[in-house]
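**Student:** So the chains spell out like this:
Protein chains: 2
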Amino acid sequence: MIRSRDNEQLKTIRKLRQKRWRERLDLFVAEGEDLVEAAAAAGWEPEILLRAPADVDPELLAEASGLGSGARAIGVYRPRWSAAGGSLSLELHDVHDPGNVGTAIRSAHAFCDGPVMLGPGCADPFSPKAVRASMGSIFARPPARGRARARRIALVPYAGRTLAEVAVEPPLVLLLGGERRGLPAGLDADEVVRIPLREGGPESLNVAMAATVALYELGTRMAAHG
Amino acid sequence: MIRSRDNEQLKTIRKLRQKRWRERLDLFVAEGEDLVEAAAAAGWEPEILLRAPADVDPELLAEASGLGSGARAIGVYRPRWSAAGGSLSLELHDVHDPGNVGTAIRSAHAFCDGPVMLGPGCADPFSPKAVRASMGSIFARPPARGRARARRIALVPYAGRTLAEVAVEPPLVLLLGGERRGLPAGLDADEVVRIPLREGGPESLNVAMAATVALYELGTRMAAHG
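Just so you know, the sequences run in chain order A and B. Every letter in the first sequence is one number past the one before it in the working numbering, and letter 170, counting from 1, is 170. Every letter in the second sequence is one number past the one before it in the working numbering, and letter 152, counting from 1, is 152.
By construction, these hints were calculated from the structure, which means they are not laboratory data. There may be inaccurate statements among the hints.
[Unchecked claim] The list that follows gives simulated cross-link-like pairs (lysine-lysine, DSBU-like), each with its CA atoms no further than 35 Å apart: (1) A:Lys11 - B:Lys11; (2) B:Lys129 - A:Lys19; (3) A:Lys11 - B:Lys129.
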């Protein structure tokens, strides 16, 4: 039973709020019973697992949390990466918001067989916020680096055919850019597509919603075509 | 030029972080130039509008922010509500997270002609987080209370036909429940539908993602038939 905030495991958990410590220790944190269960279900062994009140004073665990979530369980894990590939996957560029990165990881897990590939400028997918937003999909479908060999479809707000008009012959990679700047130049897209938004409606969706809609549309059509 | 944190306008802005003050004063805050512009574009006159550094010391404005966003503009507005209705709208129940409420308001603005109706247990749509998540759609398409006369389709994780199988004769209301508990009993749904998720994938999406996918599917099909 841990009763001191100077405990080494709690110190490690607190350090892992910071990206430089996640990189140095090659570890990350999942906060909350749901995430710890998702890790176990996906076959990940924790390096550290603390449950309150069994292992640790609940207030000390809450204080170690990076999310201020009052989590009753915190697990520490070693990052893993998927290989790029799949019949449908998602490639993100300059997505700075960790919640958007985590949500995209959830959506890829829901709608396609490939991982989320993280291009330059993306938030750390193993940050506490991204892990939480993934709702555990970070364990079932870890993100990837590198680039898949596939037809490259760039999703932009305003140009190209609508998603429903895109042919879904696999393999496909959906390219999506950051919150403000959109896709960087030089991505070698084979096609540019858009989500049809109502006239008089907003000019764009946020990145996570756009990714979710696009993977739903392409993934369900691809599944229907067999 | 405001140079004191005791300024009455700054005091009001700080108070409006709290729901009880928003209710008592019947006012809410939009933080950031994008949101202030979205309000103006939708024809909303601010009760207070402070821009840094023109009107106020930037540090004082940042300190008044409820989001810690370092906003360079903060506007204060009087809430408005839409009437329930439209050929497609969304009704939320027990959606506690203000980010999910705001994102749903954005998605309704993007994909349907009706507002988001807020049932019991939903987060305040005029909280700073919800307003930000709406990306300004709170001004273009304010939420509604009450109930629309329409065919009622309940979106649940696991039962019913898929969204693509639903007939889209208007008017339709999509019903969606909270993060944990799903839809409460007694909602008088005419039909139960689900979003098809991959085998081996997650059991559910978060509320904002589910709302966005469902409104996209139903809204674009309704537009194509209409």
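**Student:** Does the structure break any of the earlier hints, and which numbers would those be?
**Tutor:** 1
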